[in-house]
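Peer 1: Whenever a hint applies, use it, and build me the whole structure from the sequences.
Protein sequence lines correspond, in order, to chains A and B. Mapping of the first sequence onto my numbering: position 45 corresponds to residue 45, and the numbering continues sequentially without gaps. Mapping of the second sequence onto my numbering: position 200 corresponds to residue 200, and the numbering continues sequentially without gaps.
Wrong hints could be hidden among the right ones.
What the hints assert, rightly or not - If you only want the chain A side, here are some residues facing chain B, beta carbon under 8 angstroms, derived:
#1 A50
#2 V52
#3 P72
#4 G73
#5 V77
#6 A78
#7 M79
#8 F81
#9 A85
#10 P99
Read the hints as simulated data drawn from the structure, not as lab findings. Cβ atoms here follow ideal geometry from the backbone N, Cα and C, with glycine treated the same way.
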Amino acid sequence: MARIRFAGLAKRFDAQVVLAPLELEIAEGEFFTFVGPSGCGKSTLLNLIAGVEAPSSGALYFDEARVDALAPGARDVAMVFQSYALYPHLSVRENIAFPLRVRGTARAEIAREVERVAQVLGLSPLLDRKPRQLSGGQRQRVALGRALVRKPRVFLMDEPLSNLDARLRLEMREELKRLHEAHGITTVYVTHDQEEAMALSQRVAVLNAGRIEQCGTPQAVYADPANLFVAQFLGSPPLNLLEGESPEVVLGVRPADVLVHASPREGATAARVTLLEPTGSDLWVTADWRGSRIKGRAAPGAAPERGATAWLEMPPGRIYAFDRATGTRQRTPA
Amino acid sequence: MRLAALVLLAAYCVAPFLWQVVTSLKPAAELTSLPPLLPTRLTGEHYVAIFTGHPLLRIIANSAVVAVCTTALALVVGALAAYAVSILRVRGRAAILGVVLSVSMFPPIATVSPLFLLLNALGLRDTLAALVLTYSTFSLPLAVWLLANFFDALPRELYVAARVDGCSAFGALWRVVLPLAAPGILAAGLLVFIFAWNEFLFALSFTATEASRTLPVGIALFPGLHEVPYGEIAAASVVATLPVVALAFAFQRRIVEGLTAGAVKG
Numbered sequence: 001m002a003r004i005r006f007a008g009l010a011k012r013f014d015a016q017v018v019l020a021p022l023e024l025e026i027a028e029g030e031f032f033t034f035v036g037p038s039g040c041g042k043s044t045l046l047n048l049i050a051g052v053e054a055p056s057s058g059a060l061y062f063d064e065a066r067v068d069a070l071a072p073g074a075r076d077v078a079m080v081f082q083s084y085a086l087y088p089h090l091s092v093r094e095n096i097a098f099p100l101r102v103r104g105t106a107r108a109e110i111a112r113e114v115e116r117v118a119q120v121l122g123l124s125p126l127l128d129r130k131p132r133q134l135s136g137g138q139r140q141r142v143a144l145g146r147a148l149v150r151k152p153r154v155f156l157m158d159e160p161l162s163n164l165d166a167r168l169r170l171e172m173r174e175e176l177k178r179l180h181e182a183h184g185i186t187t188v189y190v191t192h193d194q195e196e197a198m199a200l201s202q203r204v205a206v207l208n209a210g211r212i213e214q215c216g217t218p219q220a221v222y223a224d225p226a227n228l229f230v231a232q233f234l235g236s237p238p239l240n241l242l243e244g245e246s247p248e249v250v251l252g253v254r255p256a257d258v259l260v261h262a263s264p265r266e267g268a269t270a271a272r273v274t275l276l277e278p279t280g281s282d283l284w285v286t287a288d289w290r291g292s293r294i295k296g297r298a299a300p301g302a303a304p305e306r307g308a309t310a311w312l313e314m315p316p317g318r319i320y321a322f323d324r325a326t327g328t329r330q331r332t333p334a
Numbered sequence: 001m002r003l004a005a006l007v008l009l010a011a012y013c014v015a016p017f018l019w020q021v022v023t024s025l026k027p028a029a030e031l032t033s034l035p036p037l038l039p040t041r042l043t044g045e046h047y048v049a050i051f052t053g054h055p056l057l058r059i060i061a062n063s064a065v066v067a068v069c070t071t072a073l074a075l076v077v078g079a080l081a082a083y084a085v086s087i088l089r090v091r092g093r094a095a096i097l098g099v100v101l102s103v104s105m106f107p108p109i110a111t112v113s114p115l116f117l118l119l120n121a122l123g124l125r126d127t128l129a130a131l132v133l134t135y136s137t138f139s140l141p142l143a144v145w146l147l148a149n150f151f152d153a154l155p156r157e158l159y160v161a162a163r164v165d166g167c168s169a170f171g172a173l174w175r176v177v178l179p180l181a182a183p184g185i186l187a188a189g190l191l192v193f194i195f196a197w198n199e200f201l202f203a204l205s206f207t208a209t210e211a212s213r214t215l216p217v218g219i220a221l222f223p224g225l226h227e228v229p230y231g232e233i234a235a236a237s238v239v240a241t242l243p244v245v246a247l248a249f250a251f252q253r254r255i256v257e258g259l260t261a262g263a264v265k266g
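Peer 2: Written as C-alpha cells, this is what we have:
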C-alpha cells in the first residue's frame, strides 16, 4: 500500500497539453476516482502512474520514494483494463499466475496464491479454461484476480466496468467496493460514468481537458459544484439550465431537486408538461417553463399529465448561478 | 461458370510445372520429339542421373542452409524492428517504415556490383554467409511490414498489461506479443523462406563453386557445351519445387490468414 503524490506531473504531446501540471495527494488505502469525459486525460494519467508513458515534466512519488523514472514492473502496481486485457493464449490459471511467474516466484507458492485468489473470486471451477470461453463478468473477475494475486501497492482501474451489461455492472461495482474494503489497497479508478465514481469513491476529481476542475468527496462535489462543467457532468439526469435575470449569469438546478406537483402550491411556478419518463422508482417530468426545458421529479403521489399544467418547486438554495463567460460558480445570489 | 474460370486459372498456373514433371519422367529419346505428348513409358533415369553425376545433394543442402538461416535472421531482426515501430511507438514510425519500404523498391540488379565489391572486401565471396546476409537484407522490408501489421492488430493493452505485470520490454515481446503473433510470424517466415529458396540473381553473382552454389543456379548450370539435358533439368526442378509446394500446402491457411490480417477487423 502506498500514498501517491503528484508533484507538478504533466504530459504533453508536442504542443498539445494532455495533462496540465498536477498537484495532488492520494492517501494510503484511499479509493480515488478521476472522472471526466473521454479525451480528458484520465487514461494518460493512469499510464503515467503505471509507468507505461513517461511524464513530460514533474515528479511522482509513492510514499517518500520517487517512482517516475522506474520501469512499470518495478513500481509494484496492478492494473485492470476496460477490455480486461487477458492473455488470450494462456488459461485462467496461467493468466492469474502471470505476474508471479514473471517475478520468478516459486512454483508451490504460485499454485497456492492462484488457488487463494480463485477462491475469493469464485473462479476455481474455471481455472483451466481459456479467456475466450468465459463470459464478460468471468473475464472481469480473472482480470481482478491477476491484479490481486501479488498484493500490489497500488491498484489502477481503467473503466473496468464499462464493457459489462447494466445488471452485471452493478454487481461488479459492489464487488469492487467489497474488495477494496477487504484489502485496503490504494486504488486509482478512472471512469466517465459519474454514478460509478460517486458510488465507489472516497474522493473524486473531475477532470476536463487535462485539468482538475474540482476535487473532494463525491457528496461535496455533487452538492457544491465549483463550476458549470462539474455541475453538468455530475448527476443524472443532467443539470437543468435556466436563463438568469442578468445576461452574464446562467442558472442551473438538478432535476432531482425540482419537485413537480400536479396542483398549485405556494412558491411553485406553473409550467406545461411536455414529457413523462417513469423509471419505476421515480417519475421524471419534463416541462416547458418560459421557453426553457426543465426536468424535475414528480412529488410522491402527484400524477402530472402530458400537455397539462404542473407546478415546479425549486428550493432557492439548490439553484446554482454560474458566470456565463467563464462557467465559474457565483456564490452570492445575483 | 465460376468453376470453369477457376479450373482455367489453375491449369494456367499448374501447366508449366506439370510439363516439368512429365519431362522429368520421359525417356531421353522422347524428350525432343513431339509426338508423343505423354511419355510411352515412365523412367526414373533422370532422377538417378542428377543424384549420381552431380553434387546435387550438396547444392540442396546449401539451399536449405541459406533459406533456413535467412528466415531465422530476417524473423529475429524483423520482429525486433516491427516491435519497436509498432508497439514501443518509436518516434518517426512513418518515416522508418517509409525508408524500409523504399529499400525494397531498389531493383536488385542495381545493387549487384556494389554488393559484390563489398562482399569481396569482407572476404565473403563464394560463401553461404554472403547469400544469407544479402537475402536477409532484401527480405527484411517484407518481414518488417508484415510483422508490424500483425503487431498493430494486437490490442495494445496486452502489452501494457504485460509491462505492468512485471515484464521488461523484451519479456513482453517474448511472453505475450510473439505467441499471439505466431500466425504472422509463420506467414512472414514462409514468404522469406520461399524468396531465399528461389533467388537466382545474387546466387549466380556471389557464388563460384559448389561450396556455396544454390539450387536455382545449380540447375541453370546444367546445360553443357553441346547439349541441354532437359530431362535432368526437369528432374532437378521438380526436386527443387517439392519442398516449397509441401510447405505451402501444409501452411496454406496460415499464409492466407497472415497476408490478409489487419485488412478486415475480426
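Peer 1: Determine for every hint whether it applies to the structure shown.
Peer 2: Tested hints:
1. A50: 5 angstroms, holds
2. V52: 5 angstroms, holds
3. P72: 4 angstroms, holds
4. G73: Status holds, d = 4 angstroms.
5. V77: 6 angstroms, holds
6. A78: Because about 7 angstroms separates A:A78 from the closest Cβ in chain B, which is inside the 8 angstroms limit, the hint holds.
7. M79: Holds: closest Cβ of chain B sits about 5 angstroms from A:M79, inside 8 angstroms.
8. F81: 5 angstroms, holds
9. A85: 4 angstroms, holds
10. P99: 4 angstroms, holds
Violated hints for the displayed structure: none, as all numbered hints are satisfied.
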